[in-house]
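Trainee: Sequence:
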Amino acid sequence: MSNSSDPPIGSSEAPNTSTSPAPLNPALFKLKILDALKNNNYDQLKQLVASIRNGANQYEALLLKNLVLNLAVQVASAKMVHRLLNERDLSIDINHQDNEGNTALHIAAASNRLDVAQLLLRDARINDTLMNDDNKQPIDLAKDLNMVELLQFERSRYVEKVAVEFRNAFMSHDFAALDEILSQPRNYELLDINGNDPETGDTVLHEFIKKNDIGMVQWILSHGGDPFKRDRKGRLPIELCGKTNETMKNILRDASKDQTVINMDKVGGMEAPTYKGYLRKWTNFAGGYKLRWFVLDSNGILSYYKSQDDTNNACRGSLNMKSALLHLDSSEKMKFEIIGVTGIRWHLKGNHPIETNRWVWSLQGAIRYAKDKEKALKKASLGLDVAVSRKSQEITRQHSRTPSSVSLKTVALESQLASLQRPSRPQRAGSIVSQEIINDSDDDDDYDDDDDDDDSTDYNTRQADENENVDNDNGPHAQEISVLKSSMAIELNSLKDLLQNIQKTGSTDESVQYSLNSVVSVISSFNEFSHLVAKRDEKLLKALRKQRDINELWINSIRDLENELMERNNELETFESERRQIKKVLTKRFGHSAQSLEPDTAIATATEGSNDEITQEESAAAEISKFLQDEEDSDDEFFDAADFSEDEEEVVEEVDVVYETSSVAVPAIEVTDTETPHLDEGPVENTAGEETVDLEYTNSLQKEKHQIIERERSFAGYEDPPRTELPLKVDERPAVSLWGILKSMIGKDITKITLPVAFNEPTSMLQRLVEDFEYSSLLDQACSFEDPTLRMLYIGVFAVSQYSSTIGRVAKPFNPLLGETYEYARPEVGYRFFTEQVSHHPPISAVIVEHPKWDYYGETSVKSGFNGRSFDVQPTATWYMHVRPDHGPQEEVYSWRKLKTSVVGIIVGNPTIDNYGEIEITNHTTGEKCVINCIPRGWRASQAYELNGHVFDKFGEKKWAIGGHWNSKIYGKRIGKNDSKADKKSAVHSTGPTEDGSKFLIWSPVPRPTVPFNLTTFAISLNAKPEHLIEWLPDSDTRLRPDQRAMEDGLYDDAGELKSKLEDKQRTSRKRRDETGDVYKPRFFAKDVHPVTGGEYWKFNGQYWRMRSEKNLPKIDIF
2 MSNSSDPPIG
12 SSEAPNTSTS
22 PAPLNPALFK
32 LKILDALKNN
42 NYDQLKQLVA
52 SIRNGANQYE
62 ALLLKNLVLN
72 LAVQVASAKM
82 VHRLLNERDL
92 SIDINHQDNE
102 GNTALHIAAA
112 SNRLDVAQLL
122 LRDARINDTL
132 MNDDNKQPID
142 LAKDLNMVEL
152 LQFERSRYVE
162 KVAVEFRNAF
172 MSHDFAALDE
182 ILSQPRNYEL
192 LDINGNDPET
202 GDTVLHEFIK
212 KNDIGMVQWI
222 LSHGGDPFKR
232 DRKGRLPIEL
242 CGKTNETMKN
252 ILRDASKDQT
262 VINMDKVGGM
272 EAPTYKGYLR
282 KWTNFAGGYK
292 LRWFVLDSNG
302 ILSYYKSQDD
312 TNNACRGSLN
322 MKSALLHLDS
332 SEKMKFEIIG
342 VTGIRWHLKG
352 NHPIETNRWV
362 WSLQGAIRYA
372 KDKEKALKKA
382 SLGLDVAVSR
392 KSQEITRQHS
402 RTPSSVSLKT
412 VALESQLASL
422 QRPSRPQRAG
432 SIVSQEIIND
442 SDDDDDYDDD
452 DDDDDSTDYN
462 TRQADENENV
472 DNDNGPHAQE
482 ISVLKSSMAI
492 ELNSLKDLLQ
502 NIQKTGSTDE
512 SVQYSLNSVV
522 SVISSFNEFS
532 HLVAKRDEKL
542 LKALRKQRDI
552 NELWINSIRD
562 LENELMERNN
572 ELETFESERR
582 QIKKVLTKRF
592 GHSAQSLEPD
602 TAIATATEGS
612 NDEITQEESA
622 AAEISKFLQD
632 EEDSDDEFFD
642 AADFSEDEEE
652 VVEEVDVVYE
662 TSSVAVPAIE
672 VTDTETPHLD
682 EGPVENTAGE
692 ETVDLEYTNS
702 LQKEKHQIIE
712 RERSFAGYED
722 PPRTELPLKV
732 DERPAVSLWG
742 ILKSMIGKDI
752 TKITLPVAFN
762 EPTSMLQRLV
772 EDFEYSSLLD
782 QACSFEDPTL
792 RMLYIGVFAV
802 SQYSSTIGRV
812 AKPFNPLLGE
822 TYEYARPEVG
832 YRFFTEQVSH
842 HPPISAVIVE
852 HPKWDYYGET
862 SVKSGFNGRS
872 FDVQPTATWY
882 MHVRPDHGPQ
892 EEVYSWRKLK
902 TSVVGIIVGN
912 PTIDNYGEIE
922 ITNHTTGEKC
932 VINCIPRGWR
942 ASQAYELNGH
952 VFDKFGEKKW
962 AIGGHWNSKI
972 YGKRIGKNDS
982 KADKKSAVHS
992 TGPTEDGSKF
1002 LIWSPVPRPT
1012 VPFNLTTFAI
1022 SLNAKPEHLI
1032 EWLPDSDTRL
1042 RPDQRAMEDG
1052 LYDDAGELKS
1062 KLEDKQRTSR
1072 KRRDETGDVY
1082 KPRFFAKDVH
1092 PVTGGEYWKF
1102 NGQYWRMRSE
1112 KNLPKIDIF
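Final position of the sequence shown in my numbering is 1120; the numbers increase by one with none missing.
To be clear, the hints were calculated from the coordinates, so they are not data collected in a lab. C-beta atoms are modelled at their ideal positions from N, C-alpha and C, and glycine is treated no differently. Possibly wrong hints are sitting among the right ones.
List of simulated lysine-lysine pairs, DSS-like, C-alpha gap at most 27 Å [claimed, not checked]: (1) K930 to K864; (2) K282 to K234; (3) K1112 to K1100; (4) K1066 to K813; (5) K1026 to K1116; (6) K543 to K291; (7) K282 to K307; (8) K211 to K234.
Taking CB as the label site, the calculated pair distances span [said to hold, decoys possible]: (9) I559 to G344: 43 to 51 Å; (10) Q891 to F576: 49 to 57 Å; (11) Q875 to I559: 40 to 48 Å; (12) S331 to K234: 16 to 24 Å; (13) G344 to R549: 27 to 35 Å; (14) K211 to R126: 31 to 39 Å; (15) K234 to D255: 23 to 31 Å; (16) R549 to R126: 20 to 28 Å; (17) Q875 to T1069: 26 to 34 Å; (18) K540 to K1082: 46 to 54 Å.
Please put together the full structure from these sequences, using the hints given.
Mentor: Shown next as structure tokens:
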């Protein structure tokens, strides 16, 4: 510590020396130091110090000590401060106190320099217990809660370290080491040699008396050991000596002579246990634990405030320790509970186990002091000896050297002593309350404590609450604002001092006076500005905290409601299943129709019995009949799912099932989606990968289109079979809470939400569009029918079959970059696919798919949002299909809009995709329509993925019914005039469409493989990069995108970095276009008006495949 007679910074009076050099201008020197520190110019700083040393006198050396480090913690970077602390050539005194008694740590705490404060606290020379002239330690100057936690954590961390050394020195009788430890001012303030072991209740004096270690007992007594301090059982040290150990008793008696004899007349003047500091207090389910300032005063009253600065206002709550109970759980390191006389409970949590121990011991002492003081007053008539015994038990000796150190004194040694003495037994931090206090251990806790206890031993690794900045009274960017304000204030004051110094030298230059006046005005304006900013921030933060609490309350309410709804849905689903089972049993027992349950049946079965019994049986039979009859009457003729039930019929023969025609053999694997309704079906042969497609074309329209596709060499590069496996075998993406990220984005457009790469799958949105054609053979089969309503039926099934690939695919595809393209071709099937990202905001991908028998085109224009419970995507674009039937004279034009898509279950951590809504497909050429309704998931298991619909002829008459589930099977059925319900459970026919009204299976999905990201076999092939294909691809093809490729290879960190670089590059390009006024134009699509519907659409210009065949695709640098 520096000499108290040191002159203040900026003083112009230097000590008298016989050879004093030219006086140094302090203000000018301060400005030079500031310039070096702000510019991180260490060499310049060394030169300034050297210039002082060359003509150094005592004053100049002292000025350096007072100036450099204190200025550095206010304006310099953490890197510069770190160098100052480690470079010893400047002789920096880390604990030097300025003219106001503040150390560098005081200034860092008051300025909210977290990074600098941590550097100071990690320096072995620091003493964080020094007081300034206002009797405040650094922690008392901290207004930011993060700074308070840092100071508390680092102090506890240091105490743990020193406690180990202290204990080792005790065990080895290393008196020199013990003296060295206590000779450190910081250790002397923080370590309490009279602290009780939390497990045994002994002090070190009790412990060594039991060991009859006279030398150590003498050392303890000579260094502040208290012979009147009792252990947990209330025993004085002298009571442990035994009857024959007179030597030890004499040592203790001699030590006791210096102790004050206390009597009842002086009890009111005794020093009661006091403490103050920050603890986390449980508030409610919305807020959880929040940091609050607690004060235990000498009257035994524990009060708490919102912050330390709030102590001038009324407290938020208080408890009298005289009537309080302390409840601890030995399994918790940092939590404890205080119970008031009225039953009020405070659930509290420290920032560190050591800090918790300090609080528990202080509260325990206050409880005992208050209760035993009352008992002693009542028993005063029993004599002075009894009174002395009672009171000496309750006094907690403090070895403070400063008036306020009681509030910061630790009793932290005991936990480390216990753990070191008994290493084989677990430390029971906080288990230090006597049995008469812990009398409510069986009480039920009415609150749910969070389980996120932080046992980290490094402050940097602790995970701060995501809303912690809101609780910061300094507002957002507090540290940066503090540094800026300090820098401005110091510079202005230094400039003022400089001008005043010039003025004192006798200068009469008018400009000097004007400069001085200007600086004074600027300082005044700055102070006013700071005041206004502080008031503004206070109001904004108050409103922000209020809104945050409201939001948290709603979030938790929604989550609870979501869980409750899921539980009830599960119960209803169970009841529905049981009802169906009962119906099956009754139907099997009494017959399929209600007619088999006539009263005569029941009467005939009763050979004996009274009329009452017969009447009861008649009533029961009538109820059963009504139950079965109601069940049948409730079914809709065509739209009810039972009409296409998959749990009771049996496929009588091999069914002609339509699959994707591929040369890839797909193993027969059972579809395993946890939400798929149970299907008890007959065997359906899976011929995926074994079918051969008839690529012969029957009319001129088909042949002409086929010639175009062949002439443009569309299948060049696709000679290799499609890929069937990913290079990545196990999905090891880091676990990240989707809800934790999304809850702050409620109400936003999800297309503009940037998520971590861990939420992506290794496909692009462009590639996901190709998955619509996994079952393109439905279109081929549609073209083979002469009946236009039958063609419409198969096109309708195609329109919903594409959604089967979304099951389990909750990961987000990569968003395409502007100008990104993707091509895909399947020569064995006959189609080619191309898409281009034509717009970035809003994101739009234009698509064209061409096949000799059909064309498909459209765009991915959607409205989307996140409402807190689900992602919702509403397609707004119209999709078109041109069909060239095998037996038709003309090309037919169809159009429709896609289903709504929703991702539900986000709040409860079980995201599930649901596709629902109505698809209306119109044949603009011949007038047929198809309406398919995909039902939103409800509480019934059979409703999940359910669909039903009708095909209408050009006169509006129903011709075909559609039903089933879009994730498993879709059936068709001819609607005739004489259809009845009697044949609803008829078997599935194997000959395809029939005219007799029996249902037939139209579509069933290819079994899903077990691979990372839940990709389908078709999707696995999309990002493959065969060697033969590379030469044909443009630079903009998705297969060449580096971040997506890294994701597919399992290099998740690389994928995140590459994704960020690509997005930055795209933003730079857009900024350049905005500056130059350029408007981006897609290369292969252009907006146009559709000739049939009259709506806007993106028209393909036909250039891509022609330029590709010539290997003349334009170069574009987007990756």
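Trainee: It remains to establish, for every hint, whether it holds in the given structure.
Mentor: Now the hints, each set against the structure:
no.: 1; hint: K930 to K864; result: holds (26 Å)
no.: 2; hint: K282 to K234; result: violated (31 Å)
no.: 3; hint: K1112 to K1100; result: holds (23 Å)
no.: 4; hint: K1066 to K813; result: holds (21 Å)
no.: 5; hint: K1026 to K1116; result: holds (19 Å)
no.: 6; hint: K543 to K291; result: holds (15 Å)
no.: 7; hint: K282 to K307; result: holds (10 Å)
no.: 8; hint: K211 to K234; result: holds (15 Å)
no.: 9; hint: I559 to G344: 43 to 51 Å; result: violated (31 Å)
no.: 10; hint: Q891 to F576: 49 to 57 Å; result: holds (54 Å)
no.: 11; hint: Q875 to I559: 40 to 48 Å; result: violated (22 Å)
no.: 12; hint: S331 to K234: 16 to 24 Å; result: holds (19 Å)
no.: 13; hint: G344 to R549: 27 to 35 Å; result: holds (30 Å)
no.: 14; hint: K211 to R126: 31 to 39 Å; result: holds (38 Å)
no.: 15; hint: K234 to D255: 23 to 31 Å; result: holds (25 Å)
no.: 16; hint: R549 to R126: 20 to 28 Å; result: violated (41 Å)
no.: 17; hint: Q875 to T1069: 26 to 34 Å; result: holds (32 Å)
no.: 18; hint: K540 to K1082: 46 to 54 Å; result: holds (49 Å)
Of the hints listed earlier, those the structure fails to meet are numbers 2, 9, 11 and 16, in rising order.
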